[in-house]
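One line per chain: the protein sequences are H and G, in this order.
Residue numbering for the first sequence follows numbering that gives the first Met the number 0, beginning at 0 and increasing consecutively.
Residue numbering for the second sequence follows numbering that gives the first Met the number 0, beginning at 0 and increasing consecutively.
Keep in mind the hints are simulated off the structure, nothing from the lab.
Source: prediction; values computed, not measured.
Don't take each hint at face value.
As the list claims (entries may be wrong) - In silico DSS-like pairs for lysine-lysine, Cα to Cα no more than 25 Å straight-line:
{"no.": "1", "chain 1": "G", "residue 1": "K21", "chain 2": "H", "residue 2": "K304"}
{"no.": "2", "chain 1": "G", "residue 1": "K23", "chain 2": "H", "residue 2": "K300"}
{"no.": "3", "chain 1": "H", "residue 1": "K337", "chain 2": "H", "residue 2": "K462"}
{"no.": "4", "chain 1": "G", "residue 1": "K23", "chain 2": "H", "residue 2": "K462"}
{"no.": "5", "chain 1": "G", "residue 1": "K23", "chain 2": "H", "residue 2": "K414"}
{"no.": "6", "chain 1": "H", "residue 1": "K337", "chain 2": "G", "residue 2": "K23"}
Unchecked claim - Quick look at which bits of chain G chain H covers, simulated, 3 or more residues with Cβ under 8 Å:
{"no.": "7", "segment": "26 to 33"}
{"no.": "8", "segment": "54 to 64"}
Unchecked claim - What the simulated footprint calls covered on chain H by chain G, stretch by stretch (three residues with Cβ under 8 Å from a Cβ of chain G suffice, anywhere in the stretch; the number is not a length):
{"no.": "9", "segment": "279 to 286"}
{"no.": "10", "segment": "391 to 399"}
Note that CB positions come from ideal geometry on N, CA and C, so glycine has one too.
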Amino acid sequence: MGFENPIAFTILVVSLILVVYISWWGKKQTTTTTDFYVAGGKISPRLNGWAMFGDYCSAASFLGVAGAIALVGIDSWWIAIGFFGAWIFVLVALAGPLKSSGKFTVADVLVGRFGGRSLKFLAMFTTVVIGTLYLVPQIVGAGHLFQLLLGWDYMVTVFVSAIIMGLMVILGGMMGTTYNQAIQGVILLVAMLLLFVLATFVYFGGNPFAIISQAMETVPPTAAAGVMAQVVVPPTPEGAYGPFVLAEAVRAGFANLPDALTPGVATPDVWNQVSLVLGLLLGVAGLPHILIRFYTVKDAKDAKKGAEITIIGLAVFYIAVLFVGFATMMILYPELIKMLQAGQRGQATNLAIPMLGQAMGGEVVLGLIAAGAMAAMLSTAVGLLISMTTSLSHDVYAGVLRPNSTDRERLVFAKLGAVVLTVIALLASIWLKDQNVAILVAMCFGIAASTFAPVLILSVWWKGLTKEGVIAGLVVGLIVSLVFTFARFSAVPDIMGIRVLGNPALYGVPSALLTIIIVSLLTKNTGNAREFLAAAHRN
Amino acid sequence: MTNPSTKSAAPPGPVYDEALIKRKLGAAIGLLAIFCVTYFTAAVIATRDFRAIGAATLVFIVGLVVTRMCLNQDKGD
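The shape of chain H in the complex, shown without the other chains:
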């Protein structure tokens, strides 16, 4: 095994060392389990806002969305718009009440209102299912990235990536993770804006709107790959052809093919689109690693202030992503088509952004982009593992198995849990290595939207919600969304005559919501609704 890009690899390693140092420093601040899980609630809203941005902008946002736009065009931007919209939903409907309720985890919120071990266990199980599936795209993305940098086999790089992610959690806790996520959030935004500025000035004469007008004349690589044998490329004086020349030749030969702004290439109809945007809109409301960040600040107002910083950062980031995605399509046009023809779709869609960095600025920019991408994946993976292990340790070990255990025993259990969950996610990453990481994340959003989102929203707003309704809704939502998710990845066209869509939310969300409402109307155990709602909505 060699090192294909030593300079880029060195930049990446330096950034990783910095991350490890911050984790180690954070560990020194961690003396109790409360410090490990939520940094003792001592984080400022501004720092929390940047940390939420870094935590949220995973491999999907940084690599996946722009890579998917580069391959199929405008349809894929809706993944980014959904990622953004979800935060508005969380801010308005959940951030304040969740923080005011004063609970650590989703399970705590539910048990706080209804009590009972069965509910706690079910919430923990759902947290672990969603978190483990969400971990998969981070490992897939990191595996592909190391493959590009080092030229090693995917099986090796994916294993190395999983080890690094597991170690980060074992090394630190929420304090170190918060600072890492905030720094990584800044790196991500700067890296995306750097790509935007470089692409605009190097290839499009400094005019960003030239990127859009050029995209309207470009056939997306997925559509062009199938007709390449019939494309006639005019010779150039140098004897080679540039990216724009090939794109123009494809356009000239096939006027009937879609352009990069034509809708319906990736999302073929309204039902697929509605299912995707519904899953994305409600998904964050059910993502445990995001929700736990609201508990790291002092009060509900600080939670909302942090969310505003995240929302503004996301708006800027995702608008830049559209331009960078289109620019990538045109600048790397021949390379992307060649990779698609060679059956390397996973690499093409997940590595288009680092490849763009390399094309524009050589190994140094590749290294910076790789550091940004690795930052995205690490911060998200560590946030996920902390939220899952918090749930395992706090809800199951301390709450059910060994209520009298010491803080140290709970920490050891949490770290062992991190190892086991990382191994499970690693195995799934090998199965799903050719999938776009943004699509994988969107599926997790669909599952979260079908489970925790309706349950949490109704818990903090509806007095009539019952414990039986919550349990039935969680079970139905989880089963329906998981069945349609696995059907989608196994290329099953329909289940009992019901068409399998690109995202499970259109079936999962109404199933869960209807089940919760009907069962709640038929049963009576509303828990301590008055006390819980009073706490959740205190001023």
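Following the hints, complete the assembly by docking chain G onto the known chain H.
For chain G alone, kept in the frame of chain H given last:
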């Protein structure tokens, strides 16, 4: 010295106020309605029309406006 009667008294917990919760719920539904109408309309338009960029950009603008309105409500509270 601490007054023993004061020391033993439990701190008053938050009081359940149905009118307050209903007012907050109404405000949340209003803000979400503004955003969701824009969001889903833009999403459906985007499956049929290349003007998707304009519609989608509107989602970002409305999202930022709703964010500010939500935080301004908190100041009012």
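Checked hints:
1. G:K21 - H:K304: holds, 23 Å
2. G:K23 - H:K300: Status holds; Cα separation ~14 Å.
3. H:K337 - H:K462: violated, 58 Å
4. G:K23 - H:K462: holds, 14 Å
5. G:K23 - H:K414: The hint is violated at about 40 Å.
6. H:K337 - G:K23: violated, 55 Å
7. 26 to 33: Since 3 is at least three, the answer is holds.
8. 54 to 64: It holds, with 6 qualifying residues against the three required.
9. 279 to 286: As far as the segment 279 to 286 of chain H goes, the hint is violated, because 1 residues have Cβ atoms under 8 Å from chain G.
10. 391 to 399: Coverage by chain G is violated here, the residue count being 0 at a Cβ distance below 8 Å.
Hint compliance for this structure: hints 3, 5, 6, 9 and 10 are not met, and every other hint is.
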